[in-house]
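**Student:** Take a look at the letters that make up each chain.
Number of protein chains: 2
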Amino acid sequence: MIQYKAPLKDIQFLINDVFDFQSHYKTIPGGDEATPEMVDAILTEAARFSEEVVSPLYQSGDDGCVWKDGEVTTPKGFKEAYGQYVEGGWQGMSAPVAYGGQGLPLSLGVIKSEMIGTANWVWGMYPGLSLGAMNTIYMHGTEEQKQTFLLPMTEGRWAGTMCLTEPQCGTDLGQVKTKAEPNGDGSYNLTGTKIFISSGEHDLTEQIVHIVLARLPNAPEGTKGISLFIVPKFHVNADGSLGDRNPVVCGSIEEKMGIHGSSTCVMNFDAAKGFLIGPEHKGLMCMFTFMNTARIGTSIQGVGAAELSFQGALPYAKDRRSMRSLSGTKHPDKVADSLIVHPDVRRMLLTQKAIAEGGRAMLYHAARLADFMMAAHDRGDKKGYDQFDDKLGFLTPVLKAFLTELGYEAANHGVQVYGGHGFIKEWGMEQIVRDTQIAKLYEGTTGVQALDLLGRKILLGKLKSFNEFRAEVTAFIKTHENRAEMKPLIKQLKRYMLQWRINTFRVAYKASKNRDMVGAASVDYLMFSGYVMMAFFWAQMADKAYTGMKSGKGDRDFYQAKIHTAEFYFDRLLPRAKGHAKMMLKDPKTLMQMKEEHFAF
Amino acid sequence: MIQYKAPLKDIQFLINDVFDFQSHYKTIPGGDEATPEMVDAILTEAARFSEEVVSPLYQSGDDGCVWKDGEVTTPKGFKEAYGQYVEGGWQGMSAPVAYGGQGLPLSLGVIKSEMIGTANWVWGMYPGLSLGAMNTIYMHGTEEQKQTFLLPMTEGRWAGTMCLTEPQCGTDLGQVKTKAEPNGDGSYNLTGTKIFISSGEHDLTEQIVHIVLARLPNAPEGTKGISLFIVPKFHVNADGSLGDRNPVVCGSIEEKMGIHGSSTCVMNFDAAKGFLIGPEHKGLMCMFTFMNTARIGTSIQGVGAAELSFQGALPYAKDRRSMRSLSGTKHPDKVADSLIVHPDVRRMLLTQKAIAEGGRAMLYHAARLADFMMAAHDRGDKKGYDQFDDKLGFLTPVLKAFLTELGYEAANHGVQVYGGHGFIKEWGMEQIVRDTQIAKLYEGTTGVQALDLLGRKILLGKLKSFNEFRAEVTAFIKTHENRAEMKPLIKQLKRYMLQWRINTFRVAYKASKNRDMVGAASVDYLMFSGYVMMAFFWAQMADKAYTGMKSGKGDRDFYQAKIHTAEFYFDRLLPRAKGHAKMMLKDPKTLMQMKEEHFAF
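Protein chains in written order, with full-length UniProt numbering: chain A, 1 to 601; chain B, 1 to 601.
Isolated chain A, as found in the complex (with noise of 0.2 angstroms):
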């Protein structure tokens, strides 16, 4: 059985060592609400609420939800764990004083999510999936929409979705079919199928607002004619009371590789009533921000697997006796030594310390951007918001790949610490790689996000998000490079962020002349990236646990065990971003060069 413990000593060193949370917060609105004790409080509720309410559900909710007659109930206990998180107010925790939240800033709903996330993922995305659509409605609703829908679901009376695919396309959202036709009274109906439809349909609230992307009469072909709407599943009267049912309905709910206990719906919408949100056809442009958002939260499912799967096999590798340590024996008064003497066991398990905590500082240094962005757009910054959209749209595309590629591996080497048993349900490793599997898929597919990043942020963009990323490390260098302890992290990453660039300038060369070494290209550019960027939020970890050693304060071994860990990241893993660096120049001849009908004989 996997108990969830919530790794509050490492939150808080990032949180107040590594990046003064509190700080920042003095800057935006909001902020001031999150004092010292206010954070000490959430964070301690936030583990509470993880550990003993949503940890328990999470291997029992693998027996998955059932779908009957267009009603789908959800594993045991999932419907009264998510009461007590409405209860605790949870979700409006970051959302709008003014349609009901408590305005604290995103960053702190960010570290919930991830507690809850990594206690069970799959619970988790029913209110995640929500936030998703809040905020989307959030942006580019009316008023009158925010106050019929955002306030229920702020609450988290009311759930939310969001409808994309569909059976034919979902990366090329520009084959959407969906129909909305208008009624003549503002209203429009919706017709057509929308798959992949996570918490479409569920048992654990009263009404669900969907968000739908569909194609108005006469709207142009491909992305420039897709509009976005909301479609509640029942309809609601002017006192805000729920109506009759709108013929949206969820017509079966998919068999899949994990992720049991979360509702995969194929969504039947047949005329359903909704509402435009946001300007005609330009629905996928909306839709972004909710992207954004989608992905930034996938990447917390790669640092919770690194994390859960690291907290199941640490126990197991101290218990597990096998074998003698080559090194002489280490436990002479035992039958055998344990499995964490052995070398490739302690590969394994550093490896996956040092995914979950590198990948956790990319998390919280993103959701920080996010506080800034979101503060812009509050007091109407158009142009502060673009900027930190900027900052945030570069780093989006790596945390989402790169560290869910990684925790699918951390939540592999869980499995190959326990060796067969790894195997075994019971022991609920196994879970974590099944259920991690999806995180490389949705929100977009590691190629897609390797595109977006090569292709649209670093090509398109002029490099003018990596030049001001590198700004940053450039002037992190400069200030500690001096310093003795720290220069051999400072040297390595120095060397690695010359050659990001050098091989930045070299590939966009090389795909000026082949338009196809981009795609080529791609995927190794973003793995080599995220590498890299992980180096720097380690080595920034690093300096400020000297930091802490030096004071005299806080826990010696903590911060010990933290330079330990980044020695391990800068030996061990960083050098990999060296092969897809070489990988990333080659060129594209011998994938394009095999004609289609060679592939197979």
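Incorrect hints may have been included.
Since the list can't tell identical chains apart, any single copy or any two copies may satisfy a pair.
[As the list claims (entries may be wrong)] Listed below are the simulated DSS-like cross-link pairs for lysine-lysine, each with C-alpha atoms no more than 25 angstroms apart in a straight line:
id : residue 1 : residue 2
1  : 26        : 224
2  : 179       : 146
3  : 330       : 177
4  : 494       : 578
5  : 595       : 544
6  : 382       : 146
7  : 487       : 589
8  : 582       : 464
9  : 595       : 334
10 : 383       : 282
11 : 494       : 586
12 : 273       : 177
13 : 595       : 487
14 : 491       : 582
15 : 334       : 177
16 : 589       : 318
17 : 464       : 589
18 : 146       : 282
19 : 425       : 318
20 : 318       : 595
21 : 550       : 487
22 : 544       : 478
23 : 578       : 491
24 : 330       : 510
25 : 582       : 494
It is worth saying that the hints were derived from the structure and are not from the lab.
Dock chain B against chain A, hints included.
**Tutor:** Leaving out everything else, chain B in the frame of chain A:
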């Protein structure tokens, strides 16, 4: 739905063009039976059986086995398929004529197992485990034991298992506790619990013959006190008919990540009657015969996973339309271009293809060595036997770990090609991932194989087998290095071989100073070895493909595709070896310095 199609063209290319099995068969006993016509007939019929009988049961078999009161029911259709298998005489194909087999070369049996195992690995485990048990009885049993047990097993009427693992130990078999008390009549009573026993109980055969590790009274502690026993499910009467039930009972079956259709049993031995096989206390040594076969058998699972996942992904990549090629629209008349135009999708498909075909070549090479080994055994040539046993023993851990790791990677690529659909059970792609995960665990995890390779086969073996293998590659290089078309590949192969040699010496030197170096370097050493070894086989295939092209005979397109795949392998997969080369030379410090109690706070 996944439907397997036997890659007969590739199989024939290997056994005819690359390995010239016909010349080879002329030198081994039973080989004269394996005429080209016979081989052709066997391949055709094995392909038919795999495609038509067991492939359709692959996805439906995922519903799993049912345990009730000690009895196990296999998935629908498994029993009928097994009936056809027995009727076709498949189980005895490569078994000795003296014990009811056809005496055909073992290598043909490997090809048969590959086809069946690729079509439906889970179904294939039932006869597969039995082959291992048969092999052990053949190698170590008395004539009476062979007459009693081997004959009906060869016919397929009886099945067999290997009972090694216990709750407290898997890898570390020195901890085995199961007891064997002599009855005074030459038989023993076995008492204990074995877990993870594949095919421990099922409804396919009337009898199951367990090969069991247990301790005699007063046996020395550890690995030197373990003996091997035959324990049948039913007692066998003097006339060979079945008698009473022996108290060896399946207590339960495991719920696991994959291979649901294979029964993974807890077997309770409650004074079950058994017979010693091989010398007292030498059970582990006898078991190693079993293990080498089983490990090479497991490497088939890696090849099969790559092949089947590739076969599943390719048509989807051709049919599914998403986005436009960045180098210009390829299908302007369609709503979008097909997935296969995108370089990153091609990267995944070619990776699967290169792994499947390269792995198949490594496997057939090993199978050829096994032919020689068995031939030496049959003519009582101990020296010859040991020589091929050593050669095979060097290949075994590489094939087992490297091919299953890469097969797992390939299966994951198959899911990625499908995007979100890859996660859905209906398509079958996720099942291959779940079923292949176990290949990295059973018969010794990747870490255990790596220690076997570096610790035992390389260091303890004083590089003997390594040098023999190297000599083969060097001879190949000398023959081909001046051929213009082969130069690019040979140049690289030469460089990597040199690096393999140098790094082996370096690792050995470092390990002599610090024993933790062995464990720290082992997995990278194994993966490096695997990539270079596979490069040797890709070079051999390229050589024969060039020859085939020049001959003007055969399928020019096939040869061209083979050369393109070889180029892809050398260009984009082989360079991964460099990363492993660097990593294996690292000091173990960053792995070992963290205190056990500092892993988590």
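**Student:** Looking back at the numbered hints, which does the structure fail to meet, lowest number first?
**Tutor:** 1 and 17
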